[in-house]
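**Q** Chains A and D, in that order, are what the protein sequence lines are.
Following our numbering, the numbering of the first sequence begins with 18 at its first residue and continues without gaps.
Following our numbering, the numbering of the second sequence begins with 2 at its first residue and continues without gaps.
Don't read these hints as lab results, they were simulated from the structure.
Cβ atoms here follow ideal geometry from the backbone N, Cα and C, with glycine treated the same way.
What follows is a list of derived Cβ distance ranges for each label pair:
1) A:Thr67 <-> D:Gly46: 46 to 52 Å
2) A:Arg513 <-> D:Gln67: 19 to 25 Å
3) A:Leu736 <-> D:Gly46: 36 to 42 Å
4) D:Met2 <-> A:Asn286: 26 to 32 Å
5) A:Arg301 <-> D:Gln23: 36 to 42 Å
6) D:Pro9 <-> A:Gly153: 20 to 26 Å
7) A:Leu319 <-> D:Gln23: 35 to 41 Å
8) D:Gln23 <-> A:Arg69: 44 to 50 Å
9) A:Gln51 <-> D:Gln67: 40 to 46 Å
10) A:Ala205 <-> D:Gly46: 39 to 45 Å
11) A:Lys292 <-> D:Met2: 29 to 35 Å
12) D:Met2 <-> A:Arg207: 31 to 37 Å
13) A:Ala515 <-> D:Met7: 18 to 24 Å
14) A:Gln51 <-> D:Met2: 46 to 52 Å
To give a feel for the contact side, a few chain D residues facing chain A, derived at Cβ under 7 Å:
15) Val43
16) Ala54
17) Leu66
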Amino acid sequence: MSLEQQTQSIAVALIGNPNTGKSTLFNALSGVRQRTGNYPGVTVEKKHGTFRIGDKSIELIDLPGSYSLAPRSPDEMVAVDVLLGRLPAERKPQAVLVILDAGNLERNLYILSQVLELRLPTIVALNMIDVAQDKGVTVDAPLLAQRLGVPVLETRANHGAGVQQLREALAHIAAQSPPEYTSPFPPAFREEVAGLQGKMVASNVSAPRYLVERLLLDTSGYLEKELELGGDNFHQTIEEARARLKESGVPVPAVEAMSRYAWVRETLNGVVQRKPVAPPLSDRIDRVMTHPILGSFFFAILMLTVFTAVFSEYIAGVPMSGIEWLFETIGGLVGDSMAEGPFRSLLVDGVIAGVGGVLVFLPQICILFFFIAILEDCGYMARAAYLMDRLFSNVGLSGKSFIPLLSSFACAIPGVMATRVIENRRDRLTTMMIAPLMSCAARIPVYVVMIAAFVPYYSFAGGLLNSHALTFAGMYLVGIFAAVLVALVLKKTLLRGATPPFVMELPSYKWPSLTTVGLRVFEKGWSFIYRAGTLIFASSVLVWAAAYYPHNDAAVATWTPRLAEVETELAQATEPAQIEELEAEQGDLEHHIAGAYLRDSFLGRAGQWVEPVVRPLGWDWRIGCATIASFPAREVIIGTLGVIYDLGGEEDEASIPLREKLKSATWDGTDRPVYNLPVALSVMVFFALCAQCAATLAVIKRETNSWRWPIFTFVYMTLLAYCGAFIVYRIAAFFTTTPIVSV
Amino acid sequence: MMPLDMLPIGQSAEIAEVLGDQNDVKRLAEMGLSAGVVVQVVQQGSPCIVRVAGSTLCFRECDHLQIFVQPVASVA
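Work out the full structure, taking the sequences as your base and the hints as a guide.
**A** Shown next, in the form of structure tokens:
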């Protein structure tokens with residue numbers, strides 16, 4: 018008999034209100050043995066953790082934080098489906114662990130009363146008892162356990178206190194029988210539930226009692242559609258039942274809150290003692306943080322600090338130059354140690370120039386997510402959303418759109434996924450549509466390279482401000498301004514609707530946990546490296562191949578004979594003046610040959626086709642090609658430009674930073690530089706507004722469950738980007754009659 | 002009876018009635034805002050911040066969801 022068979026595995030679902038320390042408890046219980054994924058068809062994260070206790074292995078299933086088990090959307094349905102064992106992809110939990118905030122049992126017991134109806138062995142973790150005591154709240158845990166008929170364990174998950182006792186209790190949980198529990202609903206309601214369930218069983222529709230109850234309570238009609246009851250038959254029955262209940266003084270759906278809160282009040286009678294205490298520190302901080310003037314001022318300073326840190330020479334700059342140096346060294350070593358040919362070209366011009374150019378931005382992404390994680394974990398983010406509500410309600414949105422949009426400054430993918438905290442469908446869609454307009458970290462490379470190379474540097478206000486930083490900020494503002502316009506238009510046309518109500522919990526302030534922040538930064542950083550190693554690697558190789566092949570010698574036949582002559586002469590030459598002259602001619606010829614190969618390549622041929630389209634934006638065919646190649650992921654542009662100008666350049670240029678290569682780029686067959694300030698601005702604005710991210714579009718598709726919205730996003734953003742780049746190019750060209758070269 | 006967002010900072014009040022679409026009203030109830038509950042104002046205006054039992058919630062009312070309250074004398 019193997020060890021596996023001896024070990025008994027118990028599946029336990031973890032559920033509770035948001036802001037009860039659920040994730041902290043989950044991490045404390047399962048440690049590093051975690052797996053995350055997604056439930057098919059919805060955006061709910063599937064999180065599993067395992068730990069061993071004695072001869073048993075406990076598999077924890079973390080369900081999304083929720084105030085109620087009353088599904089009104091597919092995302093909320095997941096928790097109910099998991100608990101009832103209705104998901105084929107998930108084993109049915111044998112027990113439930115409910116986490117309660119000891120300081121707010123009045124509300125937390127609401128979801129517990131729903132869980133108890135599921136008739137599964139249940140354990141209660143009474144968390145944050147220390148915080149509750151500070152609020153003057155004391156809880157008689159043994160009395161509560163007696164009332165509920167389930168084990169109640171006190172925990173302080175953030176300090177690891179009570180976690181081991183909880184593990185031991187969970188080891189014995191599956192053997193326990195479900196708690197005795199009488200439904201808090203009035204008899205008339207329970208009879209209707211039983212009647213409806215009977216009818217459903219009679220017509221061979223399987224429905225657990227809890228779902229039948231929800232079916233009666235859900236007047237939004239979501240559940241009826243979800244359960245596919247077939248025809249209007251049941252709809253009629255349900256409507257009749259509700260009408261009968263209304264007549265006998267049981268209003269649906271209000272009866273649920275009434276009955277459950279009555280049960281909560283009865284259960285907590287004598288269990289919770291509240292002593293009047295001075296307003297908690299959290300409230301006193303909030304007086305300042307949420308003050309319309311002081312709070313907004315603090316918010317502005319905070320945002321400025323975050324952005325300064327992300328773009329600072331000293332904080333992000335040091336590791337970035339380190340990474341840049343590393344790739345230059347590798348490129349130099351590989352270039353020197355290999356024979357010339359396609360393989361060396363692939364490694365140096367394709368892989369190292371492409372992937373290295375993107376990985377440079379890892380430090381900035383980590384720093385931005387470090388700040389976001391800290392602000393979220395300490396509870397400030399909800400206050401920022403509160404402050405932002407005043408602004409957002411002018412555009413027809415609510416403060417809930419703030420967090421998704423802020424995350425989008427790092428990456429639109431988590432941003433789009435974060436929109437699921439917005440209950441209102443029209444608001445959620447509008448936020449999703451504008452999230453990709455926030456300048457994400459992948460745009461930073463484009464801005465940095467273009468600004469460093471083509472924006473003249475002036476500093477003013479005593480060195481506090483400079484033209485580079487302002488151009489940078491300007492690009493962010495272009496995106497924000499476009500987002501405001503698009504949101505206004507959408508809320509007046511396609512997604513017309515009144516400004517929805519805004520209710521949100523503000524969690525108590527706490528010290529951010531290093532583990533949580535560290536895990537978050539690691540997760541984001543790793544996914545960026547992963548993308549660089551897969552998607553960007555692959556596209557760099559593809560672009561390299563398109564720009565290298567067919568590598569037809571006939572295309573360069575004009576110069577090769579002369580180059581051979583020059584090389585022979587050079588080998589025999591002795592006069593320094595003669596050597597110098599010959600070397601110059603050699604360099605010139607090599608440049609022509611590289612350019613001819615590139616023009617003759619597949620990419621070059623495609624470029625000539627695309628040139629008329631991008632000409633009005635001031636671009637040459639190389640920028641056009643690089644832009645098209647970067648539609649799957651915009652950061653590819655840097656690698657692509659690196660590859661194109663590397664192949665088009667002289668042999669030893671691999672170690673020159675991209676901005677130098679761009680500066681020396683000329684229009685084909687002339688000495689006129691391709692890039693000047695208007696062209697650089699045009700490229701930046703295009704990248705600020707364009708939907709060049711297949712992953713974001715895929716997430717929008719998954720989130721909305723339709724192709725309509727991603728297609729809409731793609732079309733409107735591409736048009737907006739083209740028009741924006743055209744206008745900016747024309748205006749800038751008008752004001753700068755001569756091309757400006759930076760110092 | 003007066004709208005919740007008209008209460009001054011520090012004032013306590015009992016929720017008299019929540020008016021609006023029944024699904025919205027129910028969602029508020031699940032978060033702890035329902036008739037009979039005593040709230041205390043932390044930050045006034047629209048949106049306002051209130052303390053309800055052990056939690057802090059912010060709320061902005063709109064045309065189709067309003068909370069009416071009856072001010073009560075603050076305890077201590």
